[in-house]
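The listed protein sequences correspond, in order, to chains A and B.
Per my numbering, the first sequence starts with residue 927, numbered consecutively.
Per my numbering, the second sequence starts with residue 131, numbered consecutively.
Don't take every hint at face value.
[What the hints assert, rightly or not] To spell it out: a stretch of chain A is covered by chain B in this simulated footprint if at least three of its residues, at any positions, have a beta carbon under 8 Å from a beta carbon of chain B; those stretches are: (1) 1005 to 1012; (2) 1030 to 1041.
[Said to hold, decoys possible] These stretches of chain B come out as covered by chain A in the derived footprint (C-beta under 8 Å, 3 or more residues): (3) 237 to 251; (4) 326 to 337.
[Stated by the list, open to error] Pairs of lysine to aspartate or glutamate, EDC-like flavour, derived with a Cα cap of 16 Å: (5) K144/B - D1233/A; (6) K353/B - D1233/A; (7) K1282/A - E1240/A.
Simulated from the structure, these hints should not be mistaken for laboratory data.
All residues carry an ideal CB built from backbone N, CA and C; glycine is no exception.
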Amino acid sequence: MKDRKRVLLAPIDPVHDIGLKMVGRSLSEAGHEIILLAPDLPLEEIVQTALDKHVDVVLLSRTVGYGVAELLSRFNDLADAAGLRDQVKIGIGGMAIRPELAQELGFDAGFGPGTTMEESLAFVEGRPYEKDVRLTQKQRPCVAQGHSYEYLNDRIRGLLEVIASRIAAWAEERTSPGVERARVRDELWDMDKWRSGEKMAEFEAAYAPLCEALVRSYYQKGVLHPKTRRFTAEEADSLNTFLTRTALFMNTPRIQHTLEKPIIFNQYGTGCPIMDITHIKVSEAWGADGVVHFDPSWGARTEGLFDGFITHSEDGTVITPDNLFHIHRSLEPSTLWQVRAHRGLNTPETVVLAGKIGAHMTKINFCYGSLGAGTDPERLTVDAYYAMKYAKKYDLPFDVVTNEELCGVPAYKAFAGMLIVAQLARSLGCRPVLQPLFCYSPEVMISKQMEDNYIDFNAAKIIALRSIIDAPIWPGAPIAFLTQTEDRVQSSAATAFHASLSAMLGVDAISIASSDEAYSGGPITVSSKVDTLRAVAEGFRFHGRSKFMPSETATRWAEDIVRGIESVLASVAEKGNFVSALYEGILGSREDGAYPGRAGAHTVSKRST
Amino acid sequence: MMRQVAIGIAGTAKNTGKTTTLSSLMDALNTDSSLRIALTSIGYDGESFDNVTGLPKPRITVREGMYAAVAERCMMFSRAQLEVLEDTGIHTPMGNILIGRVVRSGKLIISGPNKRKDLRAVLDCLETHGVRLTIIDGALGRILPFVETDGIIVATGASRFTDLNLLSADTRAILHILGRPVLNELGKVADLGSLLTDRAYSEFLLKANDARTVRFSGIVIQKYFAAMANEPGLAGKRLLFTDPLKLLISGMPQETDETLSVLDQMSVEVGVGRSLRILGMTINPYYPRYRVNRQDYEPAYVDRDALFDALSQCSDVPCFDILRQGASALAGSVLSLLEDRAEHLRTTGSCPSIC
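All chains should be modelled from the sequences, with the hints used to inform the complete structure.
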């Protein structure tokens, strides 16, 4: 074995010496000789003992409070004056200890919260500390693996197959400006040429006429959207400096404790890609596995995508090749990156661009996009159909979000729409991920399913979906929607509880909000991201592999949801024309709170053969 | 090769103005481009906000061409850009100490060798890079590594004591201890390490009984100086310490100084093997005042003129209000130390062991 060291352990604290005892046990097990002093001895006595016993290392522990920093400094001055410092290494441990403080107080090492036994052992043995590979070698996970997509409910499978095949046949004969732009982007926009600054005249000539006037004038005259501005060269340079420096100390720890899942997604979209990148780096450093790009609502209602490294002062970050490129290059290799495409007039093109730039996932759902996000049902059904084809081509799994629940659509209707999208996606060879909401929705506010607890109804959703199909499930987006308040502690706790419930239900992924997301009144703060990431990690640590016990009500509600889904699907199948079913409210009515969108209305045309 | 000069800036407490003194002194010295200056610290400094009070702190700006010995993590977090010339291999909680030359001016977080032995090694290393003057920033509550310097500047002020009478007495005691005379050995010499425990003190009494001079390589804590004051048998003995800093950290300065005065009166001579030049004292009227109702700190000040009057009268050491007077006079003291060193080398062909 390596050299046996003699280590003096001295708690400079009246009571708190448990940490030092644990370190002592670990050092003993590693074969070192331990001398543990009684707590709270005079500093001089500790120094003298270290001299008399000819120790190699002194480890102190102390809770740093008022005046304690001076006390610890004095210990090192005494040790230096007495000649102890020349031969002996001295370390300090405690809850408030940070490297900066240990340095200021004159120690050779500081062991604060999160210190591993291996770290203190390495210090004693005088060798470099090699971090746990779990901290340094995180692998990029995959949300959509490990599921067969086989149906467990034949009646629902049959209805979905009929509905999806009709949609495919209907959409296959149609096109839209969005579909045509996606085709141009797919065929004529070359990533390498774009990176080298080479002009793509053929692309621009074909693309600009398919855009609305505002975007067209960008390609023809270089005029940006009035809400946006380009970054200055100095700002762009500052991003490079930030990324270079961050790379020097970046860690990507795991947020999960003993379970592998759920994969944790954090959302970003401050309007400023540079601020987004700083938020992403914080998310990664606090354990997020994936990040989700939010675009502005005006972008979803605009025909065509701009280019350039641009920013604006509104929620959502503009989707341009430049913005996505800079965000992509900032990501750690282990980070999953989702670019949402689900709700607007650029859905298929966004999938193409995201795929070319290197996204790992996207988001598509024509039911929510047309009932809750303002896009015309006919237009989005056509666009989403082609978006799925590109998702298949660029190997982008996508989630099928059910945010129409937030408008007031009951879960069973939203789920019926989600399953239709998922079946259509499967028929095209895609890997859809089901995204039920874990939220305090208008439906449950009225019907009181969450009057006692938030567990049973959320559990019922998962039980229901699992009784229908073996598909990946990613509650979102974010979890705990409408349970959070402006109180950051409450928000973080609500998120952590919902995350723990997700883990116990064994879902594949979750999206979490920042603690001020619902009430920020502007860009969210980076510290609020840390709030929820830390709270979720603590929830996982607390619950480990234990389980919540949903009541029997959850099973009954799950059966109600399945019956509701089946009934809705039967109505859609009976209707025949899926788009008409959307307009007529079968998947969410005006009474429910769903209004068919108007953006892009009357833009669908028959494809020329 | 010309040996370099190292000076330390020692604060008597947090927020006594070390950083301001350091920055002003660097500005004043930077007018001479032929003087290769380096910067380091025995603590950690240069952060934006005080980690105890949460109040803003002055930052440290380094100019192109300066040298610095700082831990590698400081370079990551600083706006100044340094060209790394050497990795000293000296490890600290902030990483290895690197020797660097500033190639882009900017704010620098400094943390360097935080113990005496490592400071010596870093100073030697800087010397091989042609550095002639190294300025060393102090640390909270620690001063012992400054044994390796040629002179120190004492930064004190309201943050140490807001009561000016108390602050004057404290400062007088500090300067008095640091000014203990250099003495040689007389008669039979007994060597001891430190007096930290009763057992060591008993051993001291035995040895002192049989010797004229007791030479301490370490430290005697205040409690045992006080005990010596009750030992008439020690009269006529000479107690020698390697340097005055070992006396200063013995206990509270006023108590130690008073006890040493009692020993003086008993004809127990307490002296040092080498002196430490006090280049000046800088004062700071600022202190962080705790607000009980809001549970935070607010900036507060004592009367600036009264502070200056009180401290400039308590010793012969020149007193400077840096924000008001600037640091040119202090820089003059530093340059004079450099000249003394050069002159000594010219006349004797060797470096002085005592400044």
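Cross-check of the supplied hints:
1. 1005 to 1012: holds (count 6)
2. 1030 to 1041: holds (count 7)
3. 237 to 251: Coverage by chain A holds for the region 237 to 251 of chain B (5 residues, Cβ < 8 Å).
4. 326 to 337: Check passed, 3 qualifying residues.
5. K144/B - D1233/A: 52 Å, violated
6. K353/B - D1233/A: 75 Å, violated
7. K1282/A - E1240/A: 26 Å, violated
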